[in-house]
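Using the hints, build the complex out of the two chains.
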Amino acid sequence: MSGTASEGRAWQAWLLPAALLVAWEAAARSGLADPRFLPPLEVVAARLRTELAEGGLAGHLAASLGRDLSGFAVGSAVGVGLGLAIGFSRLVERMLSPVLLVHRQIALFAWVPLLSMWFGGGEAGKVAFIALAAFQPTVINTWQGIAGIPQGYRELGDVLLLGRLGFVRLIALPGALPRIFTGLHAALIYAWVATIGAELLLNVAPGIAGRMNEGERLFQMDLLLLCVLVLGAVGVVFNLGAGALERRLARWRIA
Amino acid sequence: MAGGRAVAAFPLVAGGGPAVRRRAPEAVRRLATGLVVPAALLAGWQVTAANGWLPEQILPAPAVVLQTARDGLDDGSLLAATVTSLGRVARGFAAGGAAGLLLGAAMGLSPTARRLVHPLFLALSQVPVLGWVPILVLLVGLDEALKLIVIAWAACLPVVLGTMQGIRDVPPAYLELGRALSFGRWSQLRTVVLPAAVPSIFTGLREGLANSWQTLVVVELLASYEGLGYLMTYGRQLFQLELVLVAMAVVGAIGLVLHLLLAALEARLQRWRPAAGS
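From first to last, the protein sequence lines stand for chains A and B.
The first sequence begins at 24 in this note's numbering and counts up one residue at a time.
The second sequence begins at 20 in this note's numbering and counts up one residue at a time.
Honestly, the hints are just simulated from the structure, not real lab data.
Take the hints with a grain of salt, since some may be wrong.
Partial list, computed: chain B residues near chain A (C-beta under 7 Å) [unchecked claim]:
1. LEU139
2. VAL146
3. ILE154
Every residue, glycine too, gets a C-beta built ideally from N, C-alpha and C.
The following block holds chain B by itself, in its conformation from the complex (with noise of 0.2 Å):
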């Protein structure tokens, strides 16, 4: 049994699990050996800072970022920053989402539509989102307006595509059953096309998120005065690597948040949804 190595847990990808019991110790050993890594990166950073071995601009030390992290909360620009970026994902992904859902949606219903839209779309998609920002600069200036369109789009990409697969691989045979009950064009929409395609415009929704996080970040880092990708820029600019630290801490937790929330989100749908019939 020596060989037979039992498939491995994921630890990104776990949701739970099945509920193996294990020992005790051995979870103590695991969460351990999950420690030993980051606590040696730790030390290694604190005896760095102490000895000086590094100039601070490039590795200040552990007590200075806590110390800027703590200043920043009670200052309360911590915070404003983090509202201001979560403000701008809010309203790029509510704009982007919404017209994705539109688009996605006259797309999977309208094959009309989708020989007229669709290959267009798929060639403009085909440019980084990143490859637009200096032509929207020169067209909408520097303001709450670029940050608003770049993140619309890069969240929109996503819920396109999701929702227009999602709505064409509505088994047919969903179809048959609505039309043998007579149902009219609306509640087939209803009740049979849109809790079918949930899952796969869920999906789509969800990178939309992930994308108008990812894409905030360098917008601010492009251009803002405010958010969490200018205090890093300023933080850079005046070489206090501490600033970007704490930033990127913020950054990092918020996207955790995300991850876990719809992690969350996710497995709420799939346990509404009938067990797959495989």
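Just chain A, same shape as in the assembly (with noise of 0.2 Å):
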């Protein structure tokens, strides 16, 4: 715990950053680097002004965050409802596990291919895709985190009668909460690249990575600068809220 010194200099996460940006800045106006490259940060900063005073990045946003949660809405009720039934049936456990195994071994884009044919490249495409992205996490944490529930709490269960209703109730839920927060935690983030990725690979539609398709086409650098930003700070916004539910939830169960 060496706070104060290391305090001391925190300025120093500051120094690559801000070394990088003056390089960049001087590299852009001495023409050393081809401003359709690397464009002065002024001209990303006008960008940025133009496209919150026309709203059109908002939009955009809008679009991307939209899909993003009814995808992630229908792949995590989907996933925790299947892991459910999993960790509490040994039969749905033993049919389905061989099929989820195998499942997970596919990469998640190869999937793009076959759902954009089933579901068409437009907008039931993308969100099943993100949906089946969700869906992964969710289903298997669920389950673990029923089937992790300690053998003593299933005596205990018992011994209280509570019946399979109370025990699932009780004990059961209570218990594999964290887990199941864990999973949707992962869920969220997963759906976040799985938007990035249809956007990317099918039919062009609003969105912030759709948007990025039309930058890349036009040329325009300092659009998809301002895109990436974006992107970083949505992950961000969904791993710090998502990371004080988690702790909110933690304390709840200490307690």
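Written as structure tokens, this is what we have:
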């Protein structure tokens, strides 16, 4: 805990980014780098101003988030439901675990061509793919959350004659909740990555990555850099939000 | 005893597990239950295709898919695509893994390097790997360099974090022991720090390899004229779903082999480690 020592040097964190930005600006202005590849920072800032003023980027962000969250809702609902079924029923577990094992080995994006043929390259295909991305971590974590309930708790349920429903409600669900939440957190991140992938791979539609496709064709580097910033910011917000919720949940658990 | 359910064995994570002898009929029943869903899916698929309930572009018959796989094997196109894809993963993972090991070790060993580089690294890693692709396309074009950079970056992220964490988490007692034995900086690193950090480094490498494979597929879908991802794009454009399915099967099989290989390797590493003190 070298608190003061590291606090005193916290400014060092900004050293490298600042140096890079200065080098960037210098290279762009001196004509050392082609401004088409490395637009000066003020050009990126100007782009941000016009996008904010015209609301263009905000509209695209809203489109991406709407798509992302609807896919997340569908996928995680199915994932949690199926995970609970597998966790509570030995028969369901035995029937589905081989299928899930195989399903998990297929790289996520390998589903895109298949899903786009089944659901089309429009909104339905995109949401189906995002839902699949959210499904994977939720089903595994929910299942393992239930299966990981300590044997002693199970026996406690038997001793207290809780019955099946009481066991589920009073022991299994609260016990599995942190793990289910871990799955939902991962699903949120997976769904965001899938949203970006779906927008890049499938039919062009409003959305941040869709806008990037357009920017790539029109060689608008300033726009692309701005979009990358937005992508990162959304990921950070998702992570912070889910992390805060998780900590709350953990506190409630200990109390 | 009826309600007291034994802790379920996870088929997904089980690495053999404690050898509980099961009666043969039980094992057979288990296997049979596991086959119910795949068999039902296959039967449903066959019946649907045989009766032509769905157009062939939506669901080609299982026999057609098998024939496509056989054709692909016979004319060598499937093998060529697989070799191309595996080569890209190997190069990208090698580059990204090596860079990640170096950067992670530097940040783990030197507090100054960590203070300087870690915040920037964390900031850059917040952007999903895919988000960089349009920018990189403009900078380096659609060729191999693009795939190499994207796969290497995806591989490098977990390796950096795993290596840094592993080196930082070496128990202080080990370091003290090294100092007590008056080890020099180099032997301290080689005999104390690295062995203690190996499990964490390995976890990073394993995640890095998994990331490389995932990223390969999407990069090939986005921009390539050969490889398994291209095979899928091609099949989709020609409305030949059977080609897409065959490529998916190969992707899944390689994923499974990687998974098993790494699990075996990790088990070996764990065995080598002195039994954990808990």
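These are the hints, each one checked on the structure:
Residue-level restraint check for LEU139 (chain B) holds (minimum Cβ-Cβ distance to chain A is 5 Å; threshold 7 Å). Because the smallest distance between the Cβ of VAL146 (chain B) and any Cβ of chain A comes to about 4 Å, under 7 Å, the interface hint for this residue holds. Taken as an interface hint, ILE154 (chain B) checks out: its beta carbon lies about 5 Å from the nearest beta carbon of chain A, inside 7 Å.
Going through the hint list in order, the structure satisfies each hint without exception.
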